[in-house]
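Protein chains in written order, with the numbering used here: chain A, 56 to 388; chain B, 264 to 495.
There may be inaccurate statements among the hints.
Straight-line Cα separation of at most 30 Å, BS3-like style, residue types lysine-lysine; simulated pairs [claimed, not checked]:
no., chain 1, residue 1, chain 2, residue 2
1, B, K333, B, K433
2, B, K372, A, K316
3, B, K372, A, K339
4, A, K316, B, K433
5, B, K479, A, K216
6, A, K316, A, K231
7, B, K479, A, K316
No lab work stands behind these hints: they were computed from the structure.
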Amino acid sequence: MLVSDWWSNKANNGKSRCRIPTQGHSVSATSCPLRGKDPVISKPISCKPGMLHCSRTGSKVIITGWTFRIRGTLTTCSALIYEQAAVQQSPWGSNLTSNMLKAVLIAVFLTALGGCSSQVTVNAPTIPDPLVDRIPISVAVKFPVEFEHFVHQENVIGKEKWTIDLGRSNIMLFTKLFDAMFDEFTVVDNSVDPRDLPIDAWIEPSIDAFEFSVPSQSQTPSFAVWIRYRIKIFDSQGNQFANWPISAYGKSLTTTMGGDKALRRAAVLAMRDAAALIIMQMDKATGISNLNRETLSKVAASPEPAMPESALPETAPEESQTTASEDTTDETR
Amino acid sequence: MKRVKRKSDQIDRLGQLLLLILPCIVVSACTTARVEDVRVTATGILDGEGVVIMARSYHLGNETEAKFTKCVAEALGRGASALRVVPTTEFVDSLFPWFEPRTAPSDTKGLPDLLARPGVAHRIAAKGVRYVIWLDGDTERVAGGGSLSCAAGPGGGGCFGFAWWQNDSKSDAAVWDLTALASAGTVSTDVSGTSFLPAIVIPIPLIARTRATACKGLADQLKAFIVTDEFA
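Work out the full structure: start from the sequences and follow the hints.
If you want it as structure tokens, here you go:
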């Protein structure tokens with residue numbers, strides 16, 4: 056509670072002392088008019104000993120006990136006095152709070168300095184139009200919700216935190232890829248039942264795992280990204296026809312401009328690697344071209360099988376787990 | 264008379280400065296280079312034909328720096344006997360996915376199959392690419408020593424000591440002739456250089472530019488290799 060604007064005094068050039076006569080009260084605010092202007096002390100000075108700085112250079116208030124010694128050319132000193140009961144705090148309390156605040160701020164600053172974090176965003180990866188023959192079937196694709204906004208975080212213990220945001224780039228990748236690979240291609244919403252559509256097959260891609268390494272982990276000047284996709288293929292009746300995991304890898308050397316660009320490049324290379332693998336191996340590994348309904352109906356009508364029995368949905372394994380990994384021999388090698 | 268003396272002093276100082284700088288320039292160019300080529304088939308290039316520079320796949324453990332690839336491509340495209348260099352990204356994207364790190368042929372045996380793929384030969388012809396040059400190489404620090412310490416205070420700072428290191432840039436360029444579907448040969452460079460960093464208050468770096476020397480040496484030799492047909 057404010058008792059009074061009790062004190063006003065003329066002071067001069069650092070030698071004058073402004074004495075507060077009443078014990079048992081605390082000073083909660085003061086002003087030190089300097090040459091007619093009014094630099095406000097930003098902090099309350101309810102503490103007794105200590106030192107406070109006015110916001111204006113050259114005006115300094117030193118509190119020693121209840122005595123204010125004012126440096127600078129001052130005309131008037133004034134202070135507002137509150138009742139001790141209203142303040143109800145230890146004379147050291149404010150100092151302690153202030154010190155703690157300082158300590159916390161310093162700690163936060165040091166933590167921010169030590170524990171740096173980097174965020175990399177892959178918005179629109181360059182996936183060119185593939186130079187490939189189309190598979191003569193009509194397919195639909197259902198993208199999982201995570202493809203809408205895929206974010207991966209990795210903490211390098213004691214060093215930095217890396218976040219990679221792939222955004223909708225997986226949707227862009229698979230849309231471009233399947234659009235070039237199949238005669239007819241549609242993207243369906245998750246609420247749609249593909250069995251109601253006039254299609255030969257539907258595909259559900261997903262990400263099983265996403266990992267990356269930074270130079271401080273690998274002790275090389277490279278960033279590397281591994282993406283493990285899983286492609287599930289269903290026939291027009293909704294039976295799972297194939298379950299194909301693929302591992303893609305991208306690597307990029309650190310540039311002088313920092314690691315963000317290199318990590319982004321490694322992620323795009325990994326996605327392109329997955330695209331290349333899918334184009335080269337998908338039909339071989341899953342036999343998706345055998346799901347053409349016209350061919351299947353001809354086979355059903357013909358007395359002699361026109362295709363291997365293993366390719367037919369009835370005889371194909373319920374869940375054919377096929378893997379095309381890096382060790383698969385490529386045609387061109 | 265005073266003016267003449269002042270001018271003479273200034274010339275003396277300039278001379279001393281040049282004497283200090285000159286050894287630095289001379290020593291900084293201290294590299295040893297070895298460039299050689301092995302020719303397998305006849306070469307030559309016609310108007311409208313060009314080359315593309317590719318780095319070997321990282322799937323095969325290659326660590327060729329993008330800077331080096333870019334440097335060689337730029338050096339091939341300028342100066343005497345400049346070649347038409349098709350940008351790597353443009354070439355790889357136009358033939359996607361057949362020149363990706365995973366799918367690119369690792370030797371010339373894969374070329375007939377690759378060119379038999381629908382659209383591939385047509386795209387290569389449209390780009391006017393006659394030769395694919397595969398680069399493989401890196402720069403390594405092979406030795407080093409000495410010690411250098413620096414200190415700074417309110418009155419200033421400075422360094423004292425001597426450090427040195429030796430870099431070795433090795434690179435191989437395999438030239439594939441897409442018309443003959445065969446390897447035309449290889450060009451290789453091996454550049455070694457020692458850099459020095461003496462410091463008496465101010466450090467004076469005398470850097471041996473091994474990578475730049477390797478780039479220039481390789482590009483010059485590649486030009487000679489492709490343009491000059493020694494079998495003709």
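Hint compliance check: list the failing hint numbers for this structure, sorted ascending. 2, 5
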